Amino acid sequence: MELHEMTAWELAGYLHTGEVSAEQTVQACYDRIDAVEDNVRAFLTLTPEMAFDRARQIDELRASGEQLPATAGIPIAQKDLLCTDGVPTTCGSKILENFVPPYNATVIQRCRDAGMIMIGKTNLDEFAMGSSTENSAFQITGNPWDLNCVPGGSSGGSAAAVAAGEATTALGSDTGGSIRQPASLCGLVGVKPTYGRVSRYGLIAYASSLDQIGPLCKDVRDAALLMNVISGRDPMDATSADIPVPDFTGTLHTDIKGRKGGIAHELLYGEGIDPAVRETIEQAVEQLSCLGVEFEDVAMPHAEYSLPCYYIIAPAECSSNLARYDGVRYGHRTDEPATDIYDLFAKSRAEAFGPEVRLRIIKGTYVLSAGYYDAYYLKALKVRTLIKSDFDKAFEDYDFLICPTSPTVAFKIGEKADDPLAMKLADICTIPVNLAGIPALSVPCGFVDGLPVGMQLMGAPFSEDTLLQVAYAYEQSTDWHKQRPGL
Amino acid sequence: MPEVTLDEVRHVAELARMALSDEELERVRRELNRIMDYFAELQQLDTEGIGDTSHAIPMTDVYRQDEIGDSLPAAKIVQNAPDSIENFFRVPTFMEEE
Chain A
96 MELHEMTAWE LAGYLHTGEV SAEQTVQACY DRIDAVEDNV RAFLTLTPEM
146 AFDRARQIDE LRASGEQLPA TAGIPIAQKD LLCTDGVPTT CGSKILENFV
196 PPYNATVIQR CRDAGMIMIG KTNLDEFAMG SSTENSAFQI TGNPWDLNCV
246 PGGSSGGSAA AVAAGEATTA LGSDTGGSIR QPASLCGLVG VKPTYGRVSR
296 YGLIAYASSL DQIGPLCKDV RDAALLMNVI SGRDPMDATS ADIPVPDFTG
346 TLHTDIKGRK GGIAHELLYG EGIDPAVRET IEQAVEQLSC LGVEFEDVAM
396 PHAEYSLPCY YIIAPAECSS NLARYDGVRY GHRTDEPATD IYDLFAKSRA
446 EAFGPEVRLR IIKGTYVLSA GYYDAYYLKA LKVRTLIKSD FDKAFEDYDF
496 LICPTSPTVA FKIGEKADDP LAMKLADICT IPVNLAGIPA LSVPCGFVDG
546 LPVGMQLMGA PFSEDTLLQV AYAYEQSTDW HKQRPGL
Chain B
534 MPEVTLDEVR HVAELARMAL SDEELERVRR ELNRIMDYFA ELQQLDTEGI
584 GDTSHAIPMT DVYRQDEIGD SLPAAKIVQN APDSIENFFR VPTFMEEE
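Protein sequences appear in the order of chains A and B.
Heads up, the first sequence is in this note's numbering, so the first residue is 96 and it goes up one at a time.
Heads up, the second sequence is in this note's numbering, so the first residue is 534 and it goes up one at a time.
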């Protein structure tokens, strides 16, 4: 097997014994990028100079007998909304085209401290607003399984980079499905941790009560490895949870016999789920049953309200978070003459935000404006309580819930671009999870028309270890995760 | 449900500090009416006596020692400004003429 095809834990083994150097792992990524990036277009910025410097440093440390973390020398791609000290961070937006953060996001620093080597920054829907990465101000990313299809979004660049072998692993962020849906569409494992499990410090905010950072990986073991690196309390993020972090790789082999699984009825049999995708999930349920999981149907009566609820709450938080872009302290400033300071703000913002971002800011401002706040925003927050209570109730009886990650496989580039409602339906299975703050992951479970299908496992708050165990047991009994796109 | 008017959109765009063309004001108006549809869907649910969830995971205030730490270097921050002078952000002068 070639280096660019290996998982992080496979590479870690070779790095540990010295059979492979960190410099070779980095070289393998850039060779692969030379070969396929013109077609995949996953990266907005590449950082070869930094990467090779760091790789040589790690190789020297290892040669000198230094004890290094298991992940030392593993290449990683970072979504371009994670702040990287001295490396441009655009958020896929013209407004931050020239922004160079003066500090590292906590997850970037943790990856660095764990010896991981950043290959570059990946493409995304502008400010993470989208489900196809087509909303990027800079480029369209192709799905390595079919370059005419989208990789999903908003972490589409991270997903495409890992699926194409341009990076061994990647981080993304997930506000309504932005890690899990691209992981599903690109045949990867993607984890949306519990709200608060991972520090958001240095993650450029979209909707602060929903955003979480998580890994996109080639298999479950890699996802556990990455979760060990990025999880845990951070004094720089007051919403990061002060809760012990289990050893996710150490507990991976736990037997799942006798675990109770709930089939999230409305999210599997509801409107909009492609019948072929549904069938694939049913087969996965059967496979898990063979492994000893006991399944029952679970009603999620409020799940259908997730979309309207999300499309009030997310824009509301977005309008507040994105108020900071005023063309004064950083970001784009208009060259047009302005009549006063407000005119300067308004022109700068309208020029540099893309159409979807402008729209969500206006929507959010509207639902928060005087006279509408109670009727719209507060109502949505109450419905959020009902959606969350469906999950709370389910987790009294079940260890996890299962449904598809995405209602369809990857769709064609441009196919849904002019159909906002169809695009939003891409997230029907993933959005309830963010509203409830719970952890969920997507794991490959088959193919429809040659394109990957992912199943979503959802758990009670801070039960990522259980979800990873179930996903690992399933994965080890199948070989979906060993398939690679024929780029 | 009453339709959102163009004047309302203009007002909201002003609140959001967003200079929109007439064409876009109309696009936004249509999209805002879609929010009304969402609202209508949510209205079907009885939420009498239901609390609101702004954060899904319960959290209490987090305290820390009030200690002086290192600040980011001002020069590095100002580098990102569209216009600056020394370590200050510079904006155009707007003076009302008599």
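Source of the hints: derived by calculation from the structure; they are not laboratory data.
These numbers were taken from a predicted model, which means no experiment stands behind them.
Some hints could be false.
[What the hints assert, rightly or not] Facing chain B, from chain A, some residues (calculated, C-beta under 7 Å): (1) Gly367; (2) Tyr406; (3) Leu473.
[To be verified] Where chain B lies over chain A, by a calculated footprint (3+ residues, C-beta under 8 Å): (4) 97-103; (5) 203-212; (6) 250-256; (7) 288-298; (8) 339-352; (9) 446-457; (10) 474-480.
[Unchecked claim] What the simulated footprint calls covered on chain B by chain A, stretch by stretch (three residues with Cβ under 8 Å from a Cβ of chain A suffice, anywhere in the stretch; the number is not a length): (11) 578-591; (12) 614-628.
Backbone N, C-alpha and C fix where the C-beta goes; we use that ideal spot for every residue, glycine too.
Each hint, compared with the structure:
1. At about 15 Å, the closest approach between the beta carbon of A/Gly367 and any beta carbon in chain B exceeds 7 Å, and the interface hint on this residue is violated.
2. Nearest Cβ of chain B to the Cβ of A/Tyr406: about 6 Å, under the 7 Å cut. The hint holds.
3. Here the hint on A/Leu473 is kept, as its CB sits about 6 Å from the closest CB of chain B, short of 7 Å.
4. Residues of the segment 97-103 of chain A with a Cβ under 8 Å from some Cβ of chain B number 0, which does not satisfy the need for three, so the listed coverage is violated.
5. For the segment 203-212 of chain A, the stated coverage by chain B is violated: 0 residues have a C-beta nearer than 8 Å to a C-beta of that chain, whereas at least 3 were required.
6. Three residues within the 8 Å Cβ limit are the bar, and the segment 250-256 of chain A against chain B gives 0, so the coverage statement is violated.
7. Coverage of a stretch by a chain is defined here by at least three residues with a beta carbon nearer than 8 Å to that chain's beta carbons; for the segment 288-298 of chain A and chain B the count is 3, and the condition holds.
8. Interface restraint, the segment 339-352 of chain A with chain B: violated (0 residues with C-beta to C-beta distance below 8 Å; minimum three).
9. Remark: the segment 446-457 of chain A is confirmed as covered by chain B, as 6 of its residues place a Cβ nearer than 8 Å to a Cβ of that chain, reaching the required three.
10. With 7 residues bearing a CB less than 8 Å from a CB of chain B, the segment 474-480 of chain A meets the requirement of three and the coverage assertion stands.
11. As drawn, the segment 578-591 of chain B meets chain A at 10 residues by the rule of a beta-carbon pair under 8 Å; at three or more, the given contact holds.
12. For the segment 614-628 of chain B, the stated coverage by chain A holds: 7 residues have a C-beta nearer than 8 Å to a C-beta of that chain, and at least 3 were required.
Hint compliance for this structure: hints 1, 4, 5, 6 and 8 are not met, and every other hint is.
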